[in-house]
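Engineer: This is what each chain is made of:
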Amino acid sequence: MNAHLNRHVDLRPLLLLFGSLFALAVPAPAQGPPQWDRTTDALWLKRTPYLQDGTPTSVVVRWDTFVKTNSVLRWGTDPSQLAHQVSSPLRVKAHELEIVGLSPDTRYYYSVGNQLTTFAGGDHNHTFLTFPLAGSVKPTRIWVLGDCGTADGNAEAVRDAYYNYTAGVHTDLWLMLGDNAYLKGRPAEYQKAVFEMYPTMLRKSVLFSTRGNHETQESVYYGQFTFPTMGEGGGLPSGSEAYYSFDYANVHFVCLDSLATDTDPGSPMLTWLAADLGATNQDWIVAYWHHPPYTKGNHDSDDILDSNGRMFAMREDVLPTLESYGVDLVLCGHSHSYERSFLIDGHYGVSSTFDPATMLIDGGDGREFGSGVYSKTTGPNEGAVFTVAGCSGKVTSGGTYNHPVMYYGNNELGSLVLDVSALRLDVSFLRSDGVVADWFTITTQ
Amino acid sequence: MILTHLRLATLVGLTGLASATARAHDGLHEKIVKATQQITAEPRRADLHLLRSDLYRRHQDWELAFADLKRATVLDPNIAGAEFTRGQLLRDMGWLTSAAEFMDLHLEGHPEDLIALRVRAELATQRLRPEGAVGFYDRLIRGSSPATPDDYIARARAQLAMGAGREKIALGGVEQGIEKLGDAVSLVFFAVDLDRQVGEWDRALGRIDRLASYASRKESFQALRGDVLLQAGRRAAAQAAYRSCLESIRALRARRRQAPAMQELEARMRLALDDLLTKRRPESKR
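Chains A and B, in that order, are what the protein sequence lines are.
1 is the number of the first residue of the first sequence in our numbering; add one for each residue after it.
1 is the number of the first residue of the second sequence in our numbering; add one for each residue after it.
Treat the hints with care, since some could be wrong.
Stated by the list, open to error - From the derived model, a few chain A residues whose C-beta atoms are all more than 12 Å from chain B:
| no. | residue |
| --- | --- |
| 1 | Asn70 |
| 2 | Ser88 |
| 3 | Gly101 |
| 4 | Gln191 |
Stated by the list, open to error - Derived DEER-like restraints, expressed as beta-carbon distance ranges:
| no. | chain 1 | residue 1 | chain 2 | residue 2 | range |
| --- | --- | --- | --- | --- | --- |
| 5 | B | Arg157 | A | Arg367 | 45 to 55 Å |
| 6 | A | Pro265 | B | Arg270 | 40 to 50 Å |
| 7 | B | Lys70 | A | Gln217 | 23 to 33 Å |
| 8 | B | Arg253 | A | His170 | 25 to 35 Å |
Stated by the list, open to error - From the derived model, a few chain B residues whose C-beta atoms are all more than 12 Å from chain A:
| no. | residue |
| --- | --- |
| 9 | Pro111 |
| 10 | Leu114 |
| 11 | Lys180 |
| 12 | Gly199 |
| 13 | Gln258 |
| 14 | Met262 |
| 15 | Leu271 |
To be clear, the hints were calculated from the coordinates, so they are not data collected in a lab.
Yeah, the Cβ is synthetic: ideal placement off N, Cα and C, and Gly gets one too.
Go ahead and model the full structure; you've got the sequences and the hints to work with.
Structural biologist: Structural data, given as structure tokens:
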């Protein structure tokens, strides 16, 4: 949405100087947005407000300013009456404040600024919906982007296709599957690929992410995000932003680190994973990380040397635990293509070891008006669907797309849309031209 | 003609192999090609040779990696990162003592390099020098903001490897991690294991109960409670915990109850209860 900023000379620092003088001369009212809010937005804010670490009763709001200043975050249920505020006197450029004591599943409005003025908000564009209570049933829409960090027309096309698709339907949360900002995940790359690419979504829907191999600067990646490490979002405490879990309505989300965290049996991540999965009572378990366990796109999950063996590690070390607790859907990126599996279970070897007789739970298309939805009933080993969607910023040729677990595979730009309605989970692959190229449904009991 | 076809086939085969290998190494070949192009254009840039040395190391081309490293240090004897690169190269080749020496040299100039500290700590562990590993993990944990559960646990394992009777010291380090990171599952479970090793049964039970308060399902924590109580010799309480676990499993919805992990837990609980009922022992006085 802010792409136009890139094509012109950036006058913001100069405007900021005048804006600062103006702010000092004309103190803003104690409550509510000042009249010139939209102007100050561009003057002060390097990064638009973005929502993090949502729970039924809290949310973290972050924003960056061009210069160091203190932080004030106001909120309320009426955009013209932001009656509450939280603040920090620390002069910083990267601002992070948490609002607590909120009501579940409730719409709030907010503004960000400093003690003198409001930079942005106090309008219908700066709003969030708190998470519903865990276990509650609510139609939920989730947007999933993989390898979206190209900051170019491809990413814009994928973004705009989704914005058109979801017009009128609130995005409850969105996930990034890693490689969010090419080439190395540096701050300037994140600025263009994420913060200037998705400002509208960033300020109204909570974003969660997992780290990809192009997030080479660990401190940059973790420094700009706030993920739930203390079980505040509904899972068990992991103590790490690399792997964590949270609940949204009746879905339990599990984020794993396929890049840099030990996946050996008995490792801290796997110890946490087993405990976390054994502690959730949610209807759905959705797991996500970067390196796919199955792919024949521009990466090959059969090749131990590909990606330092991380695809092997996730398949052999992690999948058995996930499946033993009944994971339903796994979301990955890394291959710049879209691939998605049948409903399968227990396949931990290379593709030639896939045995349909024992591992293929449902070999249909998973479509209601096709061969039927994937139905998980009450038995053990009911299977999961695995998706690869590292195609939200670019597609790369070279894949064969013939992994035997996959129902669909192609190198098409797009993103995933998840719609959860009680015991039904619909997944759509939305191409950048607005066409839903693949879809499937899982039902459970 | 046949020869031409053979050559063509070989060429196609090699091209295919190169293509497959390029993909297999996650862009490593492309990076090496790019670095080589840059070196061709600017052959006297030491940093490019150092970069390509590291790429060759990752590709396990040891000789080429050493050649580039040598060239880099000839071009710039004071180039930053040469010791670190050499240390990693020697580590990957299995020369752990030499690798540690070069990492030490690097850390003399860059004492807060967290990546080097972690590599050095791991080298000390691999070389069966747990005391040294503890020191490097100490520095790593102090310098990280914050350190990871993995770092605290690795340090505790190194402390335990230093010899018998180190459980309380290791526990202190793990508790430091819990204080910093909160009730991280992996740290709490590690602390419970250490409590059990030193017979601090109630402290272990307290940790389990605290962690269970985060969970909407309790059966795995009830099972662990039972294990601790049984180890403490509190057989009646252990029996009650195992029974609670079975009741919790029975109360789960069918889908969760029949998940393989729950079936396994249920079988283990039944076996444990059978053992308790058939092998009667006197109740502990503790």
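Engineer: Work down the list of hints and note, for each, if the structure agrees.
Structural biologist: Outcome of the hint check:
1. Asn70: holds (22 Å)
2. Ser88: holds (18 Å)
3. Gly101: holds (20 Å)
4. Gln191: With a cut-off of 12 Å, Gln191/A remains clear of chain B, as the shortest Cβ separation is near 23 Å.
5. Arg157/B - Arg367/A: 45 to 55 Å: holds (50 Å)
6. Pro265/A - Arg270/B: 40 to 50 Å: violated (24 Å)
7. Lys70/B - Gln217/A: 23 to 33 Å: holds (29 Å)
8. Arg253/B - His170/A: 25 to 35 Å: Holds, at about 29 Å.
9. Pro111: holds (18 Å)
10. Leu114: violated (9 Å)
11. Lys180: violated (8 Å)
12. Gly199: holds (23 Å)
13. Gln258: violated (5 Å)
14. Met262: violated (8 Å)
15. Leu271: holds (18 Å)
The structure shown violates the earlier hints numbered 6, 10, 11, 13, 14.
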